[in-house]
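Residue numbers (the numbering used here), protein chains in the order written: chain G, 1 to 344; chain F, 1001 to 1344.
Simulated from the structure, these hints should not be mistaken for lab results. C-beta atoms are modelled at their ideal positions from N, C-alpha and C, and glycine is treated no differently. The reader is advised that the hints may include incorrect statements.
[To be verified] Only pairs whose alpha carbons sit at most 20 Å apart, straight line, appear in this in silico DMTMM-like list of lysine to aspartate or glutamate:
| hint | chain 1 | residue 1 | chain 2 | residue 2 |
| --- | --- | --- | --- | --- |
| 1 | G | Lys240 | F | Glu1188 |
| 2 | G | Lys140 | F | Glu1247 |
| 3 | G | Lys240 | F | Asp1224 |
| 4 | F | Lys1271 | G | Glu255 |
| 5 | G | Lys278 | G | Asp327 |
| 6 | F | Lys1275 | G | Glu247 |
| 7 | F | Lys1275 | G | Asp137 |
| 8 | F | Lys1254 | G | Asp137 |
| 9 | F | Lys1156 | G | Glu194 |
| 10 | F | Lys1191 | G | Asp152 |
| 11 | F | Lys1278 | G | Glu247 |
| 12 | G | Lys240 | F | Glu1044 |
| 13 | F | Lys1254 | G | Asp152 |
| 14 | F | Lys1278 | G | Glu69 |
| 15 | F | Lys1191 | G | Glu69 |
| 16 | F | Lys1240 | G | Asp137 |
| 17 | F | Lys1083 | F | Glu1072 |
| 18 | F | Lys1083 | F | Glu1057 |
| 19 | G | Lys191 | F | Glu1072 |
| 20 | F | Lys1191 | G | Glu322 |
| 21 | F | Lys1083 | F | Asp1034 |
| 22 | G | Lys212 | G | Glu187 |
| 23 | G | Lys191 | F | Asp1152 |
| 24 | G | Lys240 | F | Glu1247 |
| 25 | G | Lys275 | F | Glu1188 |
| 26 | G | Lys271 | F | Glu1255 |
| 27 | G | Lys191 | F | Glu1069 |
| 28 | G | Lys254 | F | Glu1247 |
[Said to hold, decoys possible] Negatives, chain G to chain F, calculated, CB over 12 Å:
| hint | residue |
| --- | --- |
| 29 | Arg28 |
| 30 | Glu44 |
| 31 | Asp125 |
| 32 | Glu322 |
[Claimed, not checked] Residues of chain F placed beyond 10 Å of chain G at every Cβ, according to the derived structure:
| hint | residue |
| --- | --- |
| 33 | Gln1056 |
| 34 | Ser1076 |
| 35 | Asp1125 |
| 36 | Ser1139 |
| 37 | Pro1189 |
| 38 | Glu1201 |
| 39 | Gln1251 |
| 40 | Gly1260 |
Here are the chains, one letter per residue:
Number of protein chains: 2
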Amino acid sequence: MGSTRARIAIDAMGGDYAPAEIVAGAIRAQAELDVEVILVGDEEQVATALKQHSSQEKLRIVPSEGTIEMHEEPLSGIRRKPKASINVAMDLVKQKQADAVVSAGHSGAAMAAALLRLGRLPGIDRPAIGALFPTMDASKSVLILDVGANVDCRPKFLEQFAVMGSIYSQYVLEVEKPKVGLLNIGEEPCKGNELAIRTHERLEKNPLVNFKGNAEGRDVLSGDFDVIVCDGFVGNILLKFAEGIGEAILQIFKEELPQGLNGLVGTALLKPNLKRVKQRVDHAEHGGCLLLGVDGVCVIGHGSSQAPSVYSAIRLAKEAVEHQVIDRIQSRTTIAASSSQESE
Amino acid sequence: MGSTRARIAIDAMGGDYAPAEIVAGAIRAQAELDVEVILVGDEEQVATALKQHSSQEKLRIVPSEGTIEMHEEPLSGIRRKPKASINVAMDLVKQKQADAVVSAGHSGAAMAAALLRLGRLPGIDRPAIGALFPTMDASKSVLILDVGANVDCRPKFLEQFAVMGSIYSQYVLEVEKPKVGLLNIGEEPCKGNELAIRTHERLEKNPLVNFKGNAEGRDVLSGDFDVIVCDGFVGNILLKFAEGIGEAILQIFKEELPQGLNGLVGTALLKPNLKRVKQRVDHAEHGGCLLLGVDGVCVIGHGSSQAPSVYSAIRLAKEAVEHQVIDRIQSRTTIAASSSQESE
Chain G
1 MGSTRARIAI DAMGGDYAPA EIVAGAIRAQ AELDVEVILV GDEEQVATAL KQHSSQEKLR
61 IVPSEGTIEM HEEPLSGIRR KPKASINVAM DLVKQKQADA VVSAGHSGAA MAAALLRLGR
121 LPGIDRPAIG ALFPTMDASK SVLILDVGAN VDCRPKFLEQ FAVMGSIYSQ YVLEVEKPKV
181 GLLNIGEEPC KGNELAIRTH ERLEKNPLVN FKGNAEGRDV LSGDFDVIVC DGFVGNILLK
241 FAEGIGEAIL QIFKEELPQG LNGLVGTALL KPNLKRVKQR VDHAEHGGCL LLGVDGVCVI
301 GHGSSQAPSV YSAIRLAKEA VEHQVIDRIQ SRTTIAASSS QESE
Chain F
1001 MGSTRARIAI DAMGGDYAPA EIVAGAIRAQ AELDVEVILV GDEEQVATAL KQHSSQEKLR
1061 IVPSEGTIEM HEEPLSGIRR KPKASINVAM DLVKQKQADA VVSAGHSGAA MAAALLRLGR
1121 LPGIDRPAIG ALFPTMDASK SVLILDVGAN VDCRPKFLEQ FAVMGSIYSQ YVLEVEKPKV
1181 GLLNIGEEPC KGNELAIRTH ERLEKNPLVN FKGNAEGRDV LSGDFDVIVC DGFVGNILLK
1241 FAEGIGEAIL QIFKEELPQG LNGLVGTALL KPNLKRVKQR VDHAEHGGCL LLGVDGVCVI
1301 GHGSSQAPSV YSAIRLAKEA VEHQVIDRIQ SRTTIAASSS QESE
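Next up, chain G with everything else stripped away, as it sits in the complex (with noise of 0.2 Å):
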């Protein structure tokens, strides 16, 4: 790093409430973070969207030009559009002007510009998008990748994805040994599809990878795992899965509480409480998802992605930064990529 506070670039055009609630958490994240952020954007739209707020901070603006839509094909629309807001971030991290990218725009096209602009780190035959889940145990969140970058993998390519995991578990969560799982349908090491028993094999073998066997379902919030490896079409639809029933478990709670005098009363009685019950379960806590893998710091943020979401997820590139993810991940996977040349 240039400077001692991590420089963050974050595409203010992309997403459902850009850029004025990208702002709003660029805002917040550099007065509390201890991190600059640079906005890169329509200089005129970003600009009055920094003039709504009454904030000391000054953030520089890095300008840019249009945006890849949701409905735009990734690739062709990043080759089409080299000054979009995503192409000019990655720019920055490339030219090492800034130590990270976050983006809520379109996440395809930001692992387009991440494998593009950045590249991949050697050793790494495709990046992942890793999650954070809560568990059960308050103190503890599970690592699950890939959420979505490759949807058809190969046994190689998950074992990948758990040694770039355990180096994030490892030095961001500052968990010593991380346990890792493979997703899995059943306990034994003969379980599961292809993919799941020629993976299991590998993991086993792996001197880099604390591997404690097949992780099903119902052990990925258990706590019992500090990593969780599985394909991206898996990984994307258990994601969303996990933010559609948190949602709707809300919203039962909603519809039932209330309910009656006494339920009235009581509900009034918990609202602090389950606002607690609300941060343990809700997404926007978490911030976005990494892109481990290429050769810089990348967050993806969700598309609904309103300030909350925006400063968690600069606070997630901070800390990949300051633990320097990338060049840990580096050194370790040019040995494991050396070990397995034999075979896929």
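Chain G is fixed; fit chain F onto it per the hints.
Chain F in isolation, oriented as in the chain G frame:
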């Protein structure tokens, strides 16, 4: 059916709480549901369990010898122990002495026994396990299949699941034109892994299926779909994750709600309302899963089933029998099979 009351053969030896809880659920079901329950199991053990109840219900016992243990390999266990309770129960259906089988024992063994003793329906390549999930709409369930019978699927298997699921939804759940979704990671037809993309093409063309496109993870519980198809690997992870997340969230509520004096009072006031929440979320209320595609009604209960789940599983079997699900699947899939012979 030989009699007007549905005759349900239950594996009295299968499950963590067999035979006591199985027998307790069976007695209640026969008393309340207008069904005849046949207990298949060790005569002495089942008779002893029956004596614990003062009920006037007379339940028939059909003796069996042994059971398939959870650690046993299903197919070889089924072959080695022809008189095991699950085999004897299946034989009762085969010989038209019963209309359905319910088991909370080894689910792989129940599937293997059903395949070997009852056989597949014509036009069905692979039977699927269907699970009913509650949705945000209290009046509506969604049928997800497959949740574990087939880990590596072909597009035509998923297409057959869609046909079977539609019939179940239409006739048992009385949904007029069941809306079918394909579990996937995006809305567009081009999204997903190879299996999903090719299945999407087939479902769009199938006149027996009211296909509404891709269902993302967050759509599963929305109530927008009546039937969602997926391969058994993804489906099983989703099912177990849903159970796990339900427990996790209820656990978080238990920890957070009663904190402080207001919390204690509020929680006490909300007791009946919280019970209703639990009922809407709890999987015990939804009984077991259906094995669709074999020549007989089979309900596979959760291994940890206690009397209420056993009761619900018997109710599920009764409904499938009374709505002639097997005959209806048979008459439709024969058409589907002949129309799709050219490709897979």
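Verification of the supplied hints:
For the hint linking Lys240 (chain G) to Glu1188 (chain F), the alpha-carbon distance of about 16 Å falls within 20 Å, and the restraint holds. Restraint check for Lys140 (chain G) and Glu1247 (chain F): the C-alpha separation of about 17 Å stays at or below 20 Å, so the hint holds. For the suggested pair Lys240 (chain G) and Asp1224 (chain F), the alpha carbons sit about 15 Å apart, so the restraint of at most 20 Å is met. In summary, the hint linking Lys1271 (chain F) to Glu255 (chain G) is supported, as the alpha carbons are separated by about 15 Å, within the 20 Å threshold.
With a CA separation close to 36 Å, the supplied pair Lys278 (chain G) and Asp327 (chain G) exceeds the 20 Å bound. Between Lys1275 (chain F) and Glu247 (chain G) the alpha-carbon distance is near 19 Å, which keeps this suggested pair within the 20 Å criterion. Taking the CA atoms of Lys1275 (chain F) and Asp137 (chain G), the gap is near 24 Å; set against the 20 Å cutoff, the hint is violated. Proximity of Lys1254 (chain F) to Asp137 (chain G) is assessed by CA-CA distance (about 13 Å); at most 20 Å being required, the pair is judged to hold.
Under the criterion of a C-alpha separation no larger than 20 Å, the hint pairing Lys1156 (chain F) with Glu194 (chain G) is consistent with the structure, at around 19 Å. In summary, the hint linking Lys1191 (chain F) to Asp152 (chain G) is supported, as the alpha carbons are separated by about 12 Å, within the 20 Å threshold. With a C-alpha separation of about 15 Å, the suggested pair Lys1278 (chain F) and Glu247 (chain G) falls inside the 20 Å cut-off, and the hint holds. Simply put, Lys240 (chain G) and Glu1044 (chain F) have alpha-carbon atoms about 50 Å apart, too far for the 20 Å limit, and the pair is violated.
Between Lys1254 (chain F) and Asp152 (chain G), the direct Cα distance comes to roughly 40 Å. Violation of the 20 Å bound is thereby established for this hinted pair. Between Lys1278 (chain F) and Glu69 (chain G) the alpha-carbon distance is near 42 Å, which puts this suggested pair outside the 20 Å criterion. Simply put, Lys1191 (chain F) and Glu69 (chain G) have alpha-carbon atoms about 17 Å apart, close enough for the 20 Å limit, and the pair holds. Proposed proximity of Lys1240 (chain F) and Asp137 (chain G) is supported: the alpha carbons are some 19 Å apart, at most 20 Å.
At most 20 Å may separate the alpha-carbon atoms for a hinted pair to count; Lys1083 (chain F) and Glu1072 (chain F) meet this at roughly 16 Å. With a C-alpha separation of about 26 Å, the suggested pair Lys1083 (chain F) and Glu1057 (chain F) falls outside the 20 Å cut-off, and the hint is violated. Distance check on the hinted pair: Lys191 (chain G) and Glu1072 (chain F) sit about 13 Å apart at the alpha-carbon level, within 20 Å; holds. At most 20 Å may separate the alpha-carbon atoms for a hinted pair to count; Lys1191 (chain F) and Glu322 (chain G) exceed this at roughly 36 Å.
Under the criterion of a C-alpha separation no larger than 20 Å, the hint pairing Lys1083 (chain F) with Asp1034 (chain F) is inconsistent with the structure, at around 29 Å. Only pairs whose Cα atoms come within 20 Å are accepted, and Lys212 (chain G) paired with Glu187 (chain G) is accepted, the gap being roughly 10 Å. Simply put, Lys191 (chain G) and Asp1152 (chain F) have alpha-carbon atoms about 12 Å apart, close enough for the 20 Å limit, and the pair holds. The suggested pairing of Lys240 (chain G) with Glu1247 (chain F) holds, with an alpha-carbon distance near 18 Å, which does not exceed 20 Å.
For the given pair, Lys275 (chain G) sits about 36 Å from Glu1188 (chain F) by alpha-carbon distance, which is inconsistent with the 20 Å threshold. Of the supplied pair hints, the one linking Lys271 (chain G) and Glu1255 (chain F) holds, its CA atoms being roughly 15 Å apart against a limit of 20 Å. Straight-line distance between C-alpha atoms of Lys191 (chain G) and Glu1069 (chain F) comes to about 17 Å, which keeps the hinted pair within the 20 Å bound. For the proposed pair Lys254 (chain G) and Glu1247 (chain F), the alpha carbon gap of about 18 Å is at most 20 Å, so the pair holds.
At roughly 26 Å, the least C-beta separation between Arg28 (chain G) and chain F is larger than 12 Å, which holds for a residue marked as non-interface. No Cβ of chain F comes within 12 Å of the Cβ of Glu44 (chain G); the nearest lies about 33 Å off, and the non-interface call holds. Interface exclusion of Asp125 (chain G) from chain F stands, the closest Cβ pair being 17 Å apart, more than 12 Å. Interface exclusion of Glu322 (chain G) from chain F stands, the closest Cβ pair being 30 Å apart, more than 12 Å.
Under the 10 Å C-beta cut-off, the non-interface status given to Gln1056 (chain F) relative to chain G holds; the minimum distance is some 37 Å. Every CB of chain G is more than 10 Å from the CB of Ser1076 (chain F) (nearest about 13 Å), matching its label as outside the interface. Against chain G, the non-interface label of Asp1125 (chain F) holds: every CB pair exceeds 10 Å, the least being about 17 Å. At roughly 12 Å from the closest C-beta of chain G, the C-beta of Ser1139 (chain F) stays outside 10 Å, upholding its exclusion from the interface.
No beta-carbon of chain G is positioned within 10 Å of the beta-carbon of Pro1189 (chain F); the least distance is around 14 Å. At roughly 16 Å from the closest C-beta of chain G, the C-beta of Glu1201 (chain F) stays outside 10 Å, upholding its exclusion from the interface. With a least beta-carbon separation of about 6 Å from chain G, Gln1251 (chain F) fails to lie farther than 10 Å from that chain, contradicting its non-interface assignment. Residue-level check failed: Gly1260 (chain F) sits 7 Å from the nearest beta carbon of chain G, not beyond 10 Å.
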